[in-house]
Every structure is written in C-alpha cells, then in structure tokens.
Amino acid sequence: GAVVSQHPSRVICKSGTSVKIECRSLDFQATTMFWYRQFPKKSLMLMATSNEGSKATYEQGVEKDKFLINHASLTLSTLTVTSAHPEDSSFYICSARTNPGQGASPRNQPQHFGDGTRLSIL
Amino acid sequence: AQKITQTQPGMFVQEKEAVTLDCTYDTSDPSYGLFWYKQPSSGEMIFLIYQGSYDQQNATEGRYSLNFQKARKSANLVISASQLGDSAMYFCAMREGPQTGANNLFFGTGTRLTVIP
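Note that the protein sequences, when read in sequence, are chains A and B.
Note that this note's numbering has the first sequence beginning at 23, numbered continuously upward.
Note that this note's numbering has the second sequence beginning at 11, numbered continuously upward.
None of these hints come from the bench; they were simulated from the model.
Positions of the beta carbon are idealized from the N, C-alpha and C atoms, including for glycine.
One or more hints might be untrue.
[Stated by the list, open to error] Here are the computed lysine-lysine pairs in the BS3-like style, where the Cα-Cα straight-line distance is at most 30 Å:
#, chain 1, residue 1, chain 2, residue 2
1, A, Lys42, A, Lys77
2, B, Lys13, A, Lys63
3, B, Lys80, A, Lys86
4, A, Lys88, B, Lys83
5, A, Lys64, A, Lys36
6, B, Lys83, A, Lys63
7, A, Lys36, A, Lys88
8, A, Lys88, B, Lys13
9, A, Lys42, A, Lys63
10, A, Lys88, A, Lys64
11, A, Lys64, B, Lys26
12, B, Lys80, A, Lys64
13, A, Lys86, B, Lys26
[Said to hold, decoys possible] Derived contacts from chain A toward chain B, CB cut-off under 10 Å, selection only:
#, residue
14, Lys63
15, Leu68
16, Ser111
[Stated by the list, open to error] Here are a few chain A residues that face chain B, going by a calculated C-beta distance under 8 Å:
#, residue
17, Val25
18, Ser27
19, Phe61
20, Ser65
21, Leu66
22, Phe89
23, Ala94
24, Glu109
25, Phe113
26, Arg140
27, Ser142
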C-alpha cells in the first residue's frame, strides 16, 4: 500500500487564488520531504527540500514567496502555491524519506513518492 | 553537465519481447545510488529497481534487471517479457552521496515505452 499520501490529486481553480497541497507519510517519520514539479512530457524538476522543523531549501529559480513550503511535523509537509497564475499549472509531486537512526525506511527505498497533484489554473 | 542522460525519448517493443532502456550518469562522488521509476499516464512514480555504487552484482527485481557498467557509467534497465501494462514513461535517477544523507534525486528526461500487442 501507499506510504506517502498526497492530496488533492487534482485541482482546478481561478487565477489569483492560493492552493495548498499536502504530503503525508503514512507509516514512517519523514525527516526530509522533496517537492518536484513536472511539465507535460518532461522530467521531474526539484523545487525544494524541506526538513522537519526548519526552513525549506529552494532550488535556483524557484520563488520561495510563491511556493510556500511548511514541514511542521514528521509526517506532513505542505506546498502552497500563492496567487496562482496559469503558468503555475503543472503536475506537482512530493517525496518523503527518513534517515537512518530515525527508523527503517519502508521497503528499503530511500524515497517514497506521493501520487502527485495536477494543478490547473484558469 | 547533465547528471542523468536518457537518450531514447521513445521506444517500442513487441509484447513478450525484452527491451533495454538506456541511462548514463555523471558523478565524481564514489558513493551514489541509481534508480529506475515507472510513471504511467496517471502520473504516480512507481519505484522499480535500485543499484548502489558499491554493489558487486547487477540488481534484479522480477522482470526488471539493471545492467550496471560502472566504468562506462551506465545503468540500463532491461525489462524482460514485456507486457501491455509496461507502457509508460520510465525515468532513471541518481542520488549522489551515501544513503545516510538526505540527498535529492536527479532525474533523466525519461523514455516513453510503448508495448505493441
């Protein structure tokens, strides 16, 4: 079964609204979560890395005021797309991992991905 | 330079045949991990197989095997006995540094595999 839950799976909203995407690790403590963005028929591009209890580290070119990331607990990270515009339309996917010493990583995989969120801004 | 290169944008394979998806990587870190993920049209990323840089043997997981050639820095995925359900995008990815670190994955551009009945 899934070990990372991402919600919502799809969202359509008007330009100018803010959208929050949640990423939850279901049965392990995710000390680190990653947020990726994927354009149609393109690869996954890392947006930011978030560690529980600290500020996220954003990749070059990613606006941190635009894409707010909160990792307040060991099982939940959120990505908020603020004042969304049509160019923010994309597929967003999170992944979560634990570090040795924090408990075994499920199925010995270093990262577990959510099912993604397809965001469409009208 | 690209850390992961997948030179095949698309591949076709006859059902029940084997297919090899190419992946080359670039890193100067002696410790790294290589991954293959499958992404069906629904979008989720499905982990297929993992190869550590210090692993002596090629990884295998059911119908998937990884042809790891360290000197050539290649990590090709071999899918045997292709099934219609194998049609999807396939991404090669690499983690630099030891697994104990919280390092992100670098992804290739992907290969779209189509299995023909």
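Here's how the hints hold up against the structure:
About 17 Å separates the Cα atoms of Lys42 of chain A and Lys77 of chain A, which keeps this hinted pair within 30 Å; it holds. Of the supplied pair hints, the one linking Lys13 of chain B and Lys63 of chain A holds, its CA atoms being roughly 19 Å apart against a limit of 30 Å. Using a Cα cut-off of 30 Å, the hinted pair Lys80 of chain B and Lys86 of chain A is violated, with the two alpha carbons roughly 38 Å apart. Restraint check: the Cα-Cα separation between Lys88 of chain A and Lys83 of chain B comes to about 38 Å, which exceeds 30 Å; the hinted pair is violated.
For the suggested pair Lys64 of chain A and Lys36 of chain A, the alpha carbons sit about 25 Å apart, so the restraint of at most 30 Å is met. Restraint check for Lys83 of chain B and Lys63 of chain A: satisfied, since their Cα atoms lie roughly 25 Å apart, inside the 30 Å limit. At roughly 16 Å between alpha-carbon atoms, Lys36 of chain A and Lys88 of chain A fall within 30 Å of each other, so this suggested pair holds. This hinted pair checks out: Lys88 of chain A and Lys13 of chain B have alpha carbons roughly 27 Å apart, not beyond 30 Å.
Proximity of Lys42 of chain A to Lys63 of chain A is assessed by CA-CA distance (about 24 Å); at most 30 Å being required, the pair is judged to hold. Among the hinted pairs, Lys88 of chain A with Lys64 of chain A is consistent with the structure: their alpha-carbon atoms are about 22 Å apart, no more than 30 Å. Proximity of Lys64 of chain A to Lys26 of chain B is assessed by CA-CA distance (about 28 Å); at most 30 Å being required, the pair is judged to hold. Using a Cα cut-off of 30 Å, the hinted pair Lys80 of chain B and Lys64 of chain A holds, with the two alpha carbons roughly 27 Å apart.
Restraint check: the Cα-Cα separation between Lys86 of chain A and Lys26 of chain B comes to about 47 Å, which exceeds 30 Å; the hinted pair is violated. For the restraint placing Lys63 of chain A at the interface with chain B, the shortest Cβ-Cβ distance is roughly 8 Å, inside the 10 Å limit, so the hint holds. The restraint placing Leu68 of chain A at the interface with chain B holds, with a minimum CB-CB distance near 5 Å, inside the 10 Å limit. The restraint placing Ser111 of chain A at the interface with chain B is violated, with a minimum CB-CB distance near 14 Å, outside the 10 Å limit.
Hint on Val25 of chain A is violated. Least Cβ distance to chain B is approximately 11 Å, over the 8 Å limit. The interface hint given for Ser27 of chain A is violated, since its Cβ lies 11 Å from the closest Cβ of chain B, which is over the 8 Å cut-off. A distance limit of 8 Å between C-beta atoms decides the matter here; for Phe61 of chain A the minimum to chain B is near 11 Å, and the interface restraint is violated. Checking Ser65 of chain A against chain B by beta carbon gives a least distance of about 5 Å; that is within 8 Å, so the hint holds.
With its C-beta approaching chain B no nearer than about 5 Å, Leu66 of chain A sits inside the 8 Å limit, and its interface hint holds. The interface hint given for Phe89 of chain A is broken, as the beta carbon of that residue sits about 16 Å from the closest beta carbon of chain B, more than 8 Å. Contact between Ala94 of chain A and chain B, as hinted, is not supported at the beta carbon level, the nearest pair being about 17 Å apart and thus beyond 8 Å. With a cut of 8 Å, the hint placing Glu109 of chain A at the interface with chain B is violated, because the nearest CB-to-CB distance is about 19 Å.
Hint status for Phe113 of chain A: holds, given a least beta-carbon distance of 6 Å to chain B, under 8 Å. A hinted interface residue such as Arg140 of chain A counts as satisfied when its beta carbon comes closer than 8 Å to some beta carbon of chain B; here the least separation is about 7 Å, so the hint holds. For the restraint placing Ser142 of chain A at the interface with chain B, the shortest Cβ-Cβ distance is roughly 13 Å, beyond the 8 Å limit, so the hint is violated.
In the structure shown, a violation is registered for the earlier hints numbered 3, 4, 13, 16, 17, 18, 19, 22, 23, 24 and 27, in ascending order.
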